[in-house]
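Chemist: Here is what each chain is made of, one letter per residue.
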Amino acid sequence: MSPPHPSRWIRPLASGLAVIDGMGAPRFHIDATRANETVIVTHGHADHARPGHKHVIATPETLAIMEARYGARFAEQVTPLNWHETMRIGDVDIHLVPAGHVLGSAQIVLDSQGSRVVVSGDYKRKPDPTCAAFEPVACDIFITEATFALPVFSHPDPLTEISRILTSLALFPARAHVIGAYSLGKAQRVIALLRQAGYEAPIFIHGALQKLCQLYQDHGIDLGKLEPATSGQKGMPQPALAGQIVIAPPSALSDRWSRRLPDPLIIMASGWMQVKQRAKQSGVEMPLILSDHADWNDLLATIDEVDPKEVWITHGREDALMRALSLKGVTAKALHLIGYEDDAE
Amino acid sequence: MIRFARLLEQLLFTPQRNTKIHHLSEWFQNTPMPDRGWGLAALVGEFQSKKAKPALIRAMASTKIDAELFAISYDFVGDLAETVALIWPEPHLRPNSTPPTLSSIVSALGDANAEETKTLISQWLDISDTTTRWGLLKLTTGGLRVGASARTVRLALAHAYGKPVEHIEEIWPLIQPPYTALFDWLEDKSPRPNADGKAVFRPLMLAHPLNDQDMASITPENWLVEWKWDGARVQLASGQDGVRLFSRSGDDISSGFPELTKPLDWHGTLDGELLAGQPHDIASFQDLQQRLNRKKPSVKLMQTVPVFLRAYDILIDGENDLRQMPIEHRREILQQTLKTLDHPAIDLSAVLPFTDAQQLDEWRQKCRDGGLIEGLMIKARNSVYHQGRVKGQWFKWKRDPLTADVVLLYAQRGHGKRSSFFSDYTFAAWANHGDQPDGEPVLVPVGKAYSGFSDAELKKLDAFVRANTIQRYGPVRELKKTLVVEVAFDAIGLSSRHKSGVAMRFPRFQRIRWDKPAHEADHLDTLMKWIDS
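Chains A and B are the protein sequences, given in the same order. Note that the working numbering gives residue 171 to position 171 of the first sequence, counting from 1, and the numbers run on in steps of one. Note that the working numbering gives residue 469 to position 469 of the second sequence, counting from 1, and the numbers run on in steps of one.
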């Protein structure tokens, strides 16, 4: 007898993806979009890791990130789960494997009633010195994101992209090069890539990045010498920042904070920067195509690799991915999960 | 092609005009002929493949990607050239094949038919990276839209070769891609192409605003006075090569105004105001706007909104360059010329006899009543025709602007240097709902202003916005309706742009009325009274 279809025990609810018992009651959620009982968290981004759950299960790194963001009492109970360590809830075996998205980001592998479901969370396949690389796991149902699921997204080599900043610094040595980068993951990856490209001078960071950069360094990721960019008088240009690299959350770029930068050259590090018109509209002078999500080819290649019977799509541009999969003869469905943002990437 | 595509990308992302000029002039200096000339042609919009139309580019894309996936992608990106550049498969490294040069693209596409064009472009895309593919598709389909106007490009040429931009503009109609004659002159290899007898743009003479000190010296003995018409300044040039109409920036706008560009049996250059309507019945600036916006007007539009030229100066008459002659004499020749021409769409801007400056001031104030007149032009009788603004020769004396007290409603961040400040404001006047004329008045938006405040005032306004935001709609902040601003504007007309049904011309901040309560701001009815008939 063939095993029951996994939709008998895992399904999307209004509160997020949930594993349910025989009576239809949730045993636990994955990245619940509102406060809940037991939640497995794939990674530390705010839309996936929300405060206020009773019991959080995640990698030790993700738990540390949640604590840094929400304080020590972000949940009543926490269970750290190391890579490939198995735990059991009801009749479901759970283990985590790296997703390559940000520090601690995990895919959740669920084995139950003879089937395997992989919830990949957000993931990428391009190299990233700040987190463990994505591990493909063969499965029956692969649950994927679709943030950049359009044929127009083909993200270039990250080191080639980052070297453009160094070229620009040589060309405009008097301008502060300010990079807008999401504060968890992207900012640290930009710094690590700059170090890889041979940039050794101190890098100036916005106050909002301080805690998370420290956390990355505590986890053994070398970010080199970092200095606060926030000292000095408000609203007055700081000549010391001329010709330096400054990193700030994207929202700070158009805020009063940026007035302290001398003749700033605005750089934005994001996968969205691939579309020139879109980059132009956001007032960016130098778009840096650097994404923490899989691009179109990587999404399709990953699905080929894990070779599932079915693909479920959580959020993003699911119509294009559905179409491409149907052309390949792969069964796919869109879960239309609400509450995960992708514009901050 | 690779470097040209990089240049286009730099232009697209550079907000400052000076930096654009820097990038352009660097490219001119480092690119050999004839690539340099073909690049210039593309930049000023004078090169486009005849066959590389959007339909053909789409057809090319359909060989690489499923039609539905293409449609979804195009919908997201919104630009055909960029969509195709992005979805095109990445090239395999082939060290012996590099993307073509600009000139080889131009010569290959020259007489290729549609099928050949498709094959050529496909082959080029196959060996180019994303940005080069994007540049290549922009180039072949024309319409680069990278934020560099023809004027900016000519300024960059002037900058790169150390020549006055006016000298470049003057010979522009004489030269064709790849502009060998132009570059030979710019590099001092040959003399400047000769514009004698040709219909080319001559740099305009401009006026200074009149201030109080100048006013005292204005006497009928030494000054000519005429109305300052509220139209568009243009130059009409007639030569062996036809009749052309140029905008004040030197752009050839002939195609939009067939009634003025039919061949004439007179050669020369007229300076004047383009107005909508008939000489005896001038239509509003909004009407003229409809014509200015059309590159090729329909027959119907030409009938409903005719245009004519009200001439006030003559620069060249036949073989005689009159520019070194005093305007007093030029005007006599102008009058004679117009009489001989007897053109239905060209008439003379009359000289106004006056007694003293006092009288002029009265006329200036009154000219709002007649509409379509912005004020007075005052020109020294002995002034010769210089290019640009020359001190003490020509003055404009505008009527005072209209002003209204309005309430700030919405604020938005500015661009470039102002991107961290709320500097774009939508403001409103009080109005009663049509269906409840006796009800409580509400605020209706009447315009938007971005200027007129000092840097210090902008800081205070910015702080006000941050402290008084009640709603956010994307980038737009809705404000607490408390701050009254006195705005100045040149005119007000009916328009569907704002809910109120009116639109102002060039509204700007005059004074911020921190002291004035919002309920004392002006009512829409007050504004309506100023609408030009």
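Everything labelled a hint here was simulated from the structure, so no lab data went into it. Some clues are possibly wrong.
[Said to hold, decoys possible] If you want the footprint, here are the derived chain B segments under chain A, 3+ residues with CB under 8 Å:
(1) 13-26
(2) 219-232
[Stated by the list, open to error] Once the Cα atoms are required to be at most 27 Å apart in a straight line, the calculated BS3-like pairs of lysine-lysine come out as:
(3) B:LYS64 x A:LYS126
(4) B:LYS198 x B:LYS296
(5) B:LYS53 x B:LYS398
(6) A:LYS211 x A:LYS54
(7) B:LYS516 x B:LYS529
(8) A:LYS225 x A:LYS126
(9) B:LYS295 x A:LYS328
(10) A:LYS280 x A:LYS309
(11) A:LYS280 x B:LYS53
(12) B:LYS366 x B:LYS339
(13) B:LYS296 x A:LYS333
(14) A:LYS333 x A:LYS126
(15) B:LYS366 x B:LYS118
(16) A:LYS280 x B:LYS448
(17) B:LYS118 x B:LYS51
For each residue, glycine too, the CB sits at the ideal point set by N, CA and C.
Chemist: Run every hint past the structure and note whether it holds.
Modeler: Hint by hint, here is what the structure shows:
With 3 residues bearing a CB less than 8 Å from a CB of chain A, the segment 13-26 of chain B meets the requirement of three and the coverage assertion stands. Three residues within the 8 Å Cβ limit are the bar, and the segment 219-232 of chain B against chain A gives 0, so the coverage statement is violated. Restraint check for B:LYS64 and A:LYS126: the C-alpha separation of about 25 Å stays at or below 27 Å, so the hint holds. Distance check on the hinted pair: B:LYS198 and B:LYS296 sit about 24 Å apart at the alpha-carbon level, within 27 Å; holds.
Proposed proximity of B:LYS53 and B:LYS398 is contradicted: the alpha carbons are some 47 Å apart, above 27 Å. A distance of roughly 25 Å separates the Cα atoms of A:LYS211 and A:LYS54; the hinted pair therefore holds under the 27 Å criterion. The straight-line distance between the Cα atoms of B:LYS516 and B:LYS529 is roughly 23 Å, inside the 27 Å bound, and the hint therefore holds. Taking the CA atoms of A:LYS225 and A:LYS126, the gap is near 25 Å; set against the 27 Å cutoff, the hint holds.
A threshold of 27 Å between alpha carbons decides the hint, and for B:LYS295 with A:LYS328 the separation of about 48 Å lies outside it, so the pair is violated. The hinted pair formed by A:LYS280 and A:LYS309 fails the criterion: a straight-line CA distance of about 41 Å is larger than 27 Å. Our distance criterion of 27 Å between C-alpha atoms is met by A:LYS280 and B:LYS53, whose separation comes to about 25 Å. Between B:LYS366 and B:LYS339 the alpha-carbon distance is near 30 Å, which puts this suggested pair outside the 27 Å criterion.
In summary, the hint linking B:LYS296 to A:LYS333 is not supported, as the alpha carbons are separated by about 50 Å, beyond the 27 Å threshold. With a CA separation close to 26 Å, the supplied pair A:LYS333 and A:LYS126 stays within the 27 Å bound. The hinted pair formed by B:LYS366 and B:LYS118 fails the criterion: a straight-line CA distance of about 63 Å is larger than 27 Å. Between the alpha carbons of A:LYS280 and B:LYS448 the distance comes to roughly 23 Å, so the proposed pair stays at or under 27 Å and holds.
Straight-line distance between C-alpha atoms of B:LYS118 and B:LYS51 comes to about 9 Å, which keeps the hinted pair within the 27 Å bound.
Going through the hint list in order, the structure does not satisfy hints 2, 5, 9, 10, 12, 13, 15.
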